[in-house]
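If you read the protein sequences in the order shown, they are chains E and V. Here the first sequence is numbered in this note's numbering, starting from 1 and rising by one per residue. Here the second sequence is numbered in this note's numbering, starting from 1 and rising by one per residue.
In short, the hints are calculated from the structure, not lab data. Please note that a few of the clues may not be correct.
Unchecked claim - Selected chain V positions facing chain E (Cβ under 7 Å, derived; list incomplete):
#: 1; residue: GLN4
#: 2; residue: ILE6
#: 3; residue: ASN8
#: 4; residue: SER10
#: 5; residue: THR11
#: 6; residue: CYS19
#: 7; residue: CYS22
#: 8; residue: GLY23
#: 9; residue: MET50
#: 10; residue: GLU51
#: 11; residue: GLN61
#: 12; residue: SER65
#: 13; residue: GLY69
#: 14; residue: TYR74
#: 15; residue: ILE81
#: 16; residue: ALA85
Stated by the list, open to error - Heads up, simulated DSS-like pairs for lysine-lysine below, C-alpha to C-alpha not over 30 Å straight-line:
#: 17; chain 1: V; residue 1: LYS40; chain 2: E; residue 2: LYS149
#: 18; chain 1: V; residue 1: LYS82; chain 2: V; residue 2: LYS17
#: 19; chain 1: V; residue 1: LYS46; chain 2: E; residue 2: LYS192
Every residue, glycine too, gets a C-beta built ideally from N, C-alpha and C.
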Amino acid sequence: MDIKSCIPDCCGSNSSCCDKTKYYDIPKNGEIPTDVGSIPIVATTLSKTDIGDTRKVRFKINRMDYKIRPGLYAVGKPDSSSPVLVTANYKLTFDSLRKELSSINAWILVLDTNGINVWCAAGKGTFGTEELVRQINNTHLHGIISHNKLILPQLGAPGVSAHLVTKETGFKIIYGPVRASDIPEFIAANNKATPNMRKVNFTFKDRLVLIPVELMSSLKPMTAVTAAVILATIIASYFSASETLWIHGVGFVFAFIGAILAGAAVTPLLLPYIPFRAFAIKGWIVGLVWVFIFTTFFPVFGSKFSFREALGLYLLLPPVTAFLSLNFTGCSTYTSQSGVEKEMRVGLPIMIISSFVGIGALASEYLTLVF
Amino acid sequence: MSLQYIKNVSTLKFDPKLCNGCGMCLNVCPHNVLSIVDKKINIKHKDSCMECSACVKNCPQEALSVNPGVGCAYAILIGMIKGTAPNCDC
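Looking at chain E on its own, in the form it has when it is part of the complex:
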């Protein structure tokens, strides 16, 4: 159903009656009566449920279905002169905003970004000029506040043209800080941001919280390859009495899972300390280091690696790590599309060729073990 197009025809400005999206209910801490209806007050401390659900989302559980109803909310006891903070309807975003506002009376205008965070939604245009104008009108914001200022997160700027919003609605856009935690200081300083508030970082902690989603995303290929290799080993053991078959099979699974973890966790965590700028090269290096560690220490469990087997691992696994590392560009805060396209143009063919030659080397080695 096209929600956006149905609203003006069937419900006038009341969007809730034909909006069939499943929303997460934020408990009300009271209501503020205004000339255009009552506005729900939300808590500025997160409940155990909020924190538990945040943890789930960080592990990719219900991550794409974590939306709150767009519209106007209140924190504290705002009046017509209180600031208006604009945000996205991803509950993780809404929570990280409201938990910083315990010292403030403010309105929160939530745009419908389809449950996507501000920065990504701005890139897609859903946190954008059009949606902002729509929500200003839907919530009758003019009837609630007496000033004409809206504070937007700075990272909403890729989707919003401040001058066009002013032209269409009369509201003046003030870009606030990048991080919600700077908002109280920003407001106290009469809506002035320090250079530090304007700068996006990518700290160890920023990267650490992203790792569980990366790991969850790699569970499928990990399980598939593990199952395939175990199956192949079972079949092979019917043809051969070689005792080393299982050591090679289990060894390969171990090496492969290690290569995935290297790309999904090690590269992201060590990002600034790995040489080169391209994520694929960083990942390739981490992958090579992993294969070196593996081929050096794994033989203590039994069989030594032949030249062909080691060559196969060196050619197949670093591209796996490099590919996952390349995928982390989307989580990072500083990569450009032109740069990522360049990495992919050069990197993907090399990854494909290297891994195919690697699979060839490994396959021929394992076949000689069996027959």
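We have chain E already, so just place chain V on it with the hints.
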């Protein structure tokens, strides 16, 4: 510790003739790419530009331009497979 991405790729362009020095772009740039020199914008750290297009969108004079996009390999890959513009689910 400072993370720097691939050099010489950003498509950010600036036309000084159109710039009125309002400085709106300075407010929205997340990587301190721009500065103001003699009441005009100056592209100070072009290699830090991530082509998010925040400056372009918020320049009332249309003095800045960029080939806007997301630096996300997954989105570009989905776009390549489906034959569309880069798009992801996040």
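Status of the hints after comparison with the structure:
Satisfaction of the interface hint for GLN4 (chain V) is found here, the shortest Cβ-Cβ separation to chain E being roughly 6 Å, below the 7 Å cut-off. The beta carbon of ILE6 (chain V) is positioned within 7 Å of a beta carbon in chain E (closest approach about 4 Å), and the interface hint is therefore held. Nearest Cβ of chain E to the Cβ of ASN8 (chain V): about 9 Å, over the 7 Å cut. The hint is violated. The interface hint given for SER10 (chain V) holds, since its Cβ lies 6 Å from the closest Cβ of chain E, which is under the 7 Å cut-off.
Checking THR11 (chain V) against chain E: minimum C-beta separation of about 6 Å stays under 7 Å; hint holds. Because the smallest distance between the Cβ of CYS19 (chain V) and any Cβ of chain E comes to about 14 Å, over 7 Å, the interface hint for this residue is violated. The restraint placing CYS22 (chain V) at the interface with chain E is violated, with a minimum CB-CB distance near 9 Å, outside the 7 Å limit. The criterion of a C-beta within 7 Å of any C-beta in chain E is not met by GLY23 (chain V), whose closest approach is roughly 12 Å, and the hint is violated.
Satisfaction of the interface hint for MET50 (chain V) is found here, the shortest Cβ-Cβ separation to chain E being roughly 4 Å, below the 7 Å cut-off. With its C-beta approaching chain E no nearer than about 4 Å, GLU51 (chain V) sits inside the 7 Å limit, and its interface hint holds. Look at GLN61 (chain V): its Cβ only gets to about 9 Å from chain E, farther than 7 Å, so that hint breaks. The beta carbon of SER65 (chain V) comes no nearer than 14 Å to any beta carbon in chain E, farther than 7 Å, and the hint placing it at the interface is violated.
The closest approach between the C-beta of GLY69 (chain V) and any C-beta of chain E is roughly 3 Å, which is under the 7 Å cut-off, so the hint is satisfied. With a least beta-carbon distance of about 5 Å to chain E, the hint placing TYR74 (chain V) at the interface is held under the 7 Å criterion. This hint is violated: ILE81 (chain V) has a C-beta 12 Å from the nearest C-beta of chain E, more than the 7 Å allowed. The restraint placing ALA85 (chain V) at the interface with chain E is violated, with a minimum CB-CB distance near 10 Å, outside the 7 Å limit.
For the suggested pair LYS40 (chain V) and LYS149 (chain E), the alpha carbons sit about 26 Å apart, so the restraint of at most 30 Å is met. For the suggested pair LYS82 (chain V) and LYS17 (chain V), the alpha carbons sit about 40 Å apart, so the restraint of at most 30 Å is broken. As the CA atoms of LYS46 (chain V) and LYS192 (chain E) are separated by approximately 25 Å, the hinted pair is consistent with the 30 Å bound.
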